[in-house]
Each structure stands twice: as C-alpha cells, then as structure tokens.
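*Asks:* Those sequence lines, one after another, are chains X and S.
If you read the first sequence in the UniProt record's numbering, its first letter stands for residue 1, the second for the next number, and so on.
If you read the second sequence in the UniProt record's numbering, its first letter stands for residue 1, the second for the next number, and so on.
It should be emphasised that the hints constitute simulated quantities derived from the structure, not laboratory data.
Treat the hints loosely; a few may be bogus.
Stated by the list, open to error - Cut-off 20 Å, straight-line C-alpha distance, at most; resulting in silico cross-link-like pairs (EDC-like, lysine to aspartate or glutamate):
#, chain 1, residue 1, chain 2, residue 2
1, X, 121, S, 233
2, X, 125, X, 113
3, X, 121, S, 247
4, X, 296, X, 113
What the hints assert, rightly or not - Just some of the chain S residues that point at chain X, by a computed CB distance under 7 Å:
#, residue
5, 36
6, 172
7, 180
8, 318
Everything numeric in this text was worked out from a predicted model, so none of it was measured.
Glycine included, C-beta positions come from ideal geometry on N, C-alpha and C.
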Amino acid sequence: MKKEEDFDSNLSGEEESSDNPVGAANAEAREKWYRRFRKGITTATAEKKETPEGLWSKCPECNYICTTTELKENLFVCPKCNYHHRIGSEEYYEILFDNGEYISLFDNITSRDFLGFTDLKPYQKRLDDIHAKTDLKDSMRVAVGKIDGEEMVIACMDFEFIGGSLGSVMGEKFSRAVDYAIQHKLPYMVISKSGGARMMESAFSLMQLAKTSGKLSQLSDAGLPYISMLTDPTFGGISASFGMLGDLNIAEPGALIGFAGPRVIKETIKKDLPEGFQRSEFLLEHGFLDFIIDRKLLKQRLKHLIVLFRD
Amino acid sequence: MPQYPNRQFLDFEQPIRELYEQIDQTKKMAEKNTKIDYSSNIQQLEDLIVEKRKEITANLTPWQRVQLSRHPDRPYTMKYIEKMTTGFVELHGDRNVRDDKAMLGGFAQIDGHTVMIVGQQKGINTKMRQQRNFGMANPEGYRKALRLMKLAEKFNKPVITLIDTPGAFPGQEAEERGQGEAIARNIYEMIRLKVPVICVIIGEGASGGALGIGVGDRVLMMENTWYTVISPENCSAILWRSWEKKEVAAQQLRLTSTDMKGFGLVDEIVPEPSGGAHWNYTEAAAYLKDSIVKALNELKNISPEDRVNQRIEKFGRMGFWNE
Numbered sequence: 001m002k003k004e005e006d007f008d009s010n011l012s013g014e015e016e017s018s019d020n021p022v023g024a025a026n027a028e029a030r031e032k033w034y035r036r037f038r039k040g041i042t043t044a045t046a047e048k049k050e051t052p053e054g055l056w057s058k059c060p061e062c063n064y065i066c067t068t069t070e071l072k073e074n075l076f077v078c079p080k081c082n083y084h085h086r087i088g089s090e091e092y093y094e095i096l097f098d099n100g101e102y103i104s105l106f107d108n109i110t111s112r113d114f115l116g117f118t119d120l121k122p123y124q125k126r127l128d129d130i131h132a133k134t135d136l137k138d139s140m141r142v143a144v145g146k147i148d149g150e151e152m153v154i155a156c157m158d159f160e161f162i163g164g165s166l167g168s169v170m171g172e173k174f175s176r177a178v179d180y181a182i183q184h185k186l187p188y189m190v191i192s193k194s195g196g197a198r199m200m201e202s203a204f205s206l207m208q209l210a211k212t213s214g215k216l217s218q219l220s221d222a223g224l225p226y227i228s229m230l231t232d233p234t235f236g237g238i239s240a241s242f243g244m245l246g247d248l249n250i251a252e253p254g255a256l257i258g259f260a261g262p263r264v265i266k267e268t269i270k271k272d273l274p275e276g277f278q279r280s281e282f283l284l285e286h287g288f289l290d291f292i293i294d295r296k297l298l299k300q301r302l303k304h305l306i307v308l309f310r311d
Numbered sequence: 001m002p003q004y005p006n007r008q009f010l011d012f013e014q015p016i017r018e019l020y021e022q023i024d025q026t027k028k029m030a031e032k033n034t035k036i037d038y039s040s041n042i043q044q045l046e047d048l049i050v051e052k053r054k055e056i057t058a059n060l061t062p063w064q065r066v067q068l069s070r071h072p073d074r075p076y077t078m079k080y081i082e083k084m085t086t087g088f089v090e091l092h093g094d095r096n097v098r099d100d101k102a103m104l105g106g107f108a109q110i111d112g113h114t115v116m117i118v119g120q121q122k123g124i125n126t127k128m129r130q131q132r133n134f135g136m137a138n139p140e141g142y143r144k145a146l147r148l149m150k151l152a153e154k155f156n157k158p159v160i161t162l163i164d165t166p167g168a169f170p171g172q173e174a175e176e177r178g179q180g181e182a183i184a185r186n187i188y189e190m191i192r193l194k195v196p197v198i199c200v201i202i203g204e205g206a207s208g209g210a211l212g213i214g215v216g217d218r219v220l221m222m223e224n225t226w227y228t229v230i231s232p233e234n235c236s237a238i239l240w241r242s243w244e245k246k247e248v249a250a251q252q253l254r255l256t257s258t259d260m261k262g263f264g265l266v267d268e269i270v271p272e273p274s275g276g277a278h279w280n281y282t283e284a285a286a287y288l289k290d291s292i293v294k295a296l297n298e299l300k301n302i303s304p305e306d307r308v309n310q311r312i313e314k315f316g317r318m319g320f321w322n323e
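Excised from the complex, chain X in its bound form (with noise of 0.2 Å):
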C-alpha cells in the first residue's frame, strides 16, 4: 500500500525530509561488521562516471519501473496501473494545447512579502530559494491556446511552489484570467493541485477565497463555462472555493480531494478512516464531482464539452 503522505507539509515548502536518527543508529548497529578502510569518497572527481539523471521512473503505486520517455509518452500515467503521476502546469499544458503552442498570460506578477513573515526560513527567502531552483514565477500560470481547434483559458497549478499554495498571486492571476475570459468569450478552466492557502500571506490569502469567488461570480454573468479540473492533491482554501464551484467539477482518477487533511481528520475523530476516503471516486459516490477522467482523454473530452456549452 501506498505510504501516506503528510501532503500538509509540503505547504511549508520545505523538501521532504528523510533524515530518522533512531532508523540510521540501527543501520549503524546491523552493519557495524562491514566497515570501510578509508571514510568519505575517494574517487576523484575527474574519474567519475556520470549516470544521466531521471532515466527512469518507478512508479509510487506498483512499483512499476518505465523508462522516463516511455512514461512521458504515456502522458505520464503509469502504463501498468493507470497511476496519474503528479505533473505541472508545462505538462499540462504540452498535453491539452494542440502542438503544445498557447500564450502564458500575467507571467510578471510575482509574490512580495509584504507581512514579513518568517517561520524557519523568511518568507522572502523561500521565495528567492525557488525562484533559483525553477524556472516557475509562482504557484499558478495562466495560459491560452487551442484545445482542438477551440480555444480556452486554463488556469493551471505548479505543486512544486511552495505545494501549490493559494496566495495572494494566485488570486490575482485567478482573477485576471476570468477578465481576459470574459473580454474574449471564452471557456475558462481550472487544474487544481495544491495544499491549501499560502500561511505565509495570513489573512490576505485567506481573502483570495471571497476574491476568486467573487470573480467566478462575473464569469457566471457573462455566460460562459467554468471547469475546475481537480488533481492529486487538492485542499483546504482551494476546495473551499473555486475548486468546488466549477459549472462541472471533474478529477483524475485517484486524486486526494478534500477540504481537511486526512492526517488533521484522523486527530480529530480518533478512527481510522475508510479505504479510499477523500479520493476522487469518493468524492463521484458521495456527488461531488460530474466525472472522472483519464488524463489520455481528458483533451478530447474537453472539446467535445466546449461545443456542447456553446452550440
């Protein structure tokens, strides 16, 4: 079985950490009779051989060993047992716009730490940590492009920024795309993949949940569809938003939806929850979400939805 993920942390926008003294002092112990002479590396750096990163993929749900190619061709979904990998807005994008041509719109509107705010790391410091680590602006990019010959705005978020946290930026590109929606009459969708509000921005990213709704509200006005697509993970201020206030809200299959994580819900109860719980065919069952979708067809089915709100 799948490890659980303690997705809550990754809000923090630390990288996961492995470290677990207790787990390498009994390593120590069990191997104490194989000891190397010499501590450290000795090879020089000149004579190392290099292995090219990311050749191949394991799958974290059946092992499944693929070469990364192979995986990206399969639209990185696992060709054994359909497991949705988690991908970014550029993967996204690659795979729904035809020839992977689109626009990026408002890409110079960037986070400020406005509070000042400092937890382990200054807020401004994670910022500037990612910002040298990726190429990512911030946690959402808006684009436009043609979806088989339709066009559409889509909305999409990286995780990998600071978990894909709604912020202050993100409400405010939200918000610009519904406008550049409204100006073009066009559809306007939303790929979801994040852990919640920005902690770092307080009651300002909480405030990006009136924000975005008011604006969905606008969109509503002007006739045109709103799809929120939800992916693994999708929580907290998301879900108590615009996540759940799509004309159609539709999910990969298998994704972690739901407003509480389910580390904070086992606190709460004491119980241990259900298998499958707060996953996207969970959420179908109890009548959340108009349908499921495998990511190979999501494009085509995207089309087809287009021409059905229209003609």
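Given chain X, work out where chain S should sit, using these hints.
*Replies:* Chain S only, in chain X's frame:
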C-alpha cells in the same frame, strides 16, 4: 455574566483575581468588625480592578489576544442576540441532513430593522459545548446559514453574521457531505447577495470556517478577537513542525483586529468594555449594536447592484504582489 467567585481568570488576568480576593477578605473583616467602616477600602479595590482591566488589555501580545477571544466567560452569539435585538425567532435546519447546533440563526429586530442574524454558537458548559460542537459547524451548518441568508434576500431583509469559530469541523462525515463545497458555495452566494450583509468577528475567526459566513459589505472585528487563515496552533505545527511556537505564529500571522484594520481587510474595530467583552455583556452588546445600526443605515441607501459590485471590488482589491 458570571460573578466572582464563578469568574474564570486567564494567567495574565491573575492580578485581577488577587484584587477580588482582597475584596473578599476585606468583606470578611467588615463582618467581624462591624464598628469599622470598610466601604471606602472596598470601593478603592473595585476601582483598582477597573484600572487593572484597562492596564492588562492595553499591553497584550497577539497570543494573549487570542486567549482573550477564547475566554470561557466571553459572550457568544446567542448572548449578543439577546442583548441587541428584540423578537428573535430561531429557525432551524438545512432542509437536507439535520439541524447543526454549531450554527444558529433567525429573524430578529434591531433598532426598528428586521434582520436575519446567523452565527456560530459555542456552548456555555461542558454538555452544551459538546452539543454545539465547540462552534465548529458541519456542512449542514453552512447550508443552513445559506438557506437563511437566501430567505432574507427573498424578503429583502439585511443579513448580519456573528462569527466565532475555531474552524469548520474536520470530521469524516463533514468530508462525505462536502465541507469544502458548502463553504465555497456560501462564499460565492454571499458575495452576490442582493441585501446588505454585515459580518462581525465576535471571538475566533478561523479560516474558511469563518469566511463561510464572512463575506459582507462591511466586515467588523471586535477589539479582542482574531481573524486569519489558520489557528496559531496549527500554523505552528505545520510551519515550525512543533506545537510550541503558537505565540510566535500568532505574532507572525498579524491576526489582531488592529492588524486586520491596518491591512484594510476589515472595515472597523468594535470597541469592547475595558478588560474585554467578558467583563460586561450589556456594554459589549451596546457597542456592537451601535456599529451594526450605523452600518445598516449607511448600506440601505445603496442600490442592490451597486452593493454587490462594491462587495466584489472590495475583495478583489485584497492582496499584494510585485509586477
């Protein structure tokens, strides 16, 4: 409100308890020595209590402010309804699952206006606290609130919400019935509501659970309350990976009424009696009533379309970024 010795004291309120104890002792002495008049001594101590109340609330840390918002003697929604309004008729149920006791509401009259009042309700003793689920509503609570707000809209009555919640309930059934969807729907519908909407944080304003009844033309905060995206305890647990940093988290989150007003995220701070609302319910309710009536009179002259547009624009301006 409870009178000494039934009053409860927070750690930073201990100097007040000591003064009460001194009064007690003085009264006992007065009983023994009937020849000496102690009344001026008692009066002096009582004045000192008022002074001390003022002094203590003047220099609170954000975390102490959070503690004050959760003071066990603090007035809750029902108390304010009792003190501010007349003719309250409580209305129950979401017409779907059940009646959520953590959320209450109904029609009432305030200063000649018929209004719909909705708010979370905490219990006043152990049994009631459980029954009210500590003010943590389930989806049916939010849907009941929405039903009542739509009812008010139909009959063109303003909506007043009183917010006091440690958060929406994080339970298994709450998820099954769509806690996220319920809150999302409320936020969406509230921002479009055609009647005036006034929201007041009267205690704890925790995240989506608060915002689920917190989108209005005017959002007010009582002086000793907090309002932000997460409770300081949970923020500490997630960002600091420890339950020990709640004081720092409270400070970093800038969650007090002064901060929130300064950021323009709330419109007005409602003053409280010196020492906090738990010292005088009548006085606290009178201040709140003043603010609500003032807002009602301001809002009634704006057309419904303008009100909705202004509401959307107001929340639309919230946020900060570089460009």
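*Asks:* Now tell me, hint by hint, if it's right for this structure.
*Replies:* Evaluation of the provided hints:
1. X:121 - S:233: Between residue 121 of chain X and residue 233 of chain S the Cα gap is close to 18 Å, so the pair holds against 20 Å.
2. X:125 - X:113: Given pair residue 125 of chain X, residue 113 of chain X holds - Cα atoms ~9 Å apart, limit 20 Å.
3. X:121 - S:247: This hinted pair holds, its Cα atoms lying about 17 Å apart.
4. X:296 - X:113: 39 Å, violated
5. 36: With Cβ-Cβ at 56 Å, over 7 Å, it is violated.
6. 172: With a minimum Cβ separation of about 6 Å from chain X (threshold 7 Å), the hint on residue 172 of chain S holds.
7. 180: Because about 3 Å separates residue 180 of chain S from the closest Cβ in chain X, which is inside the 7 Å limit, the hint holds.
8. 318: 4 Å, holds
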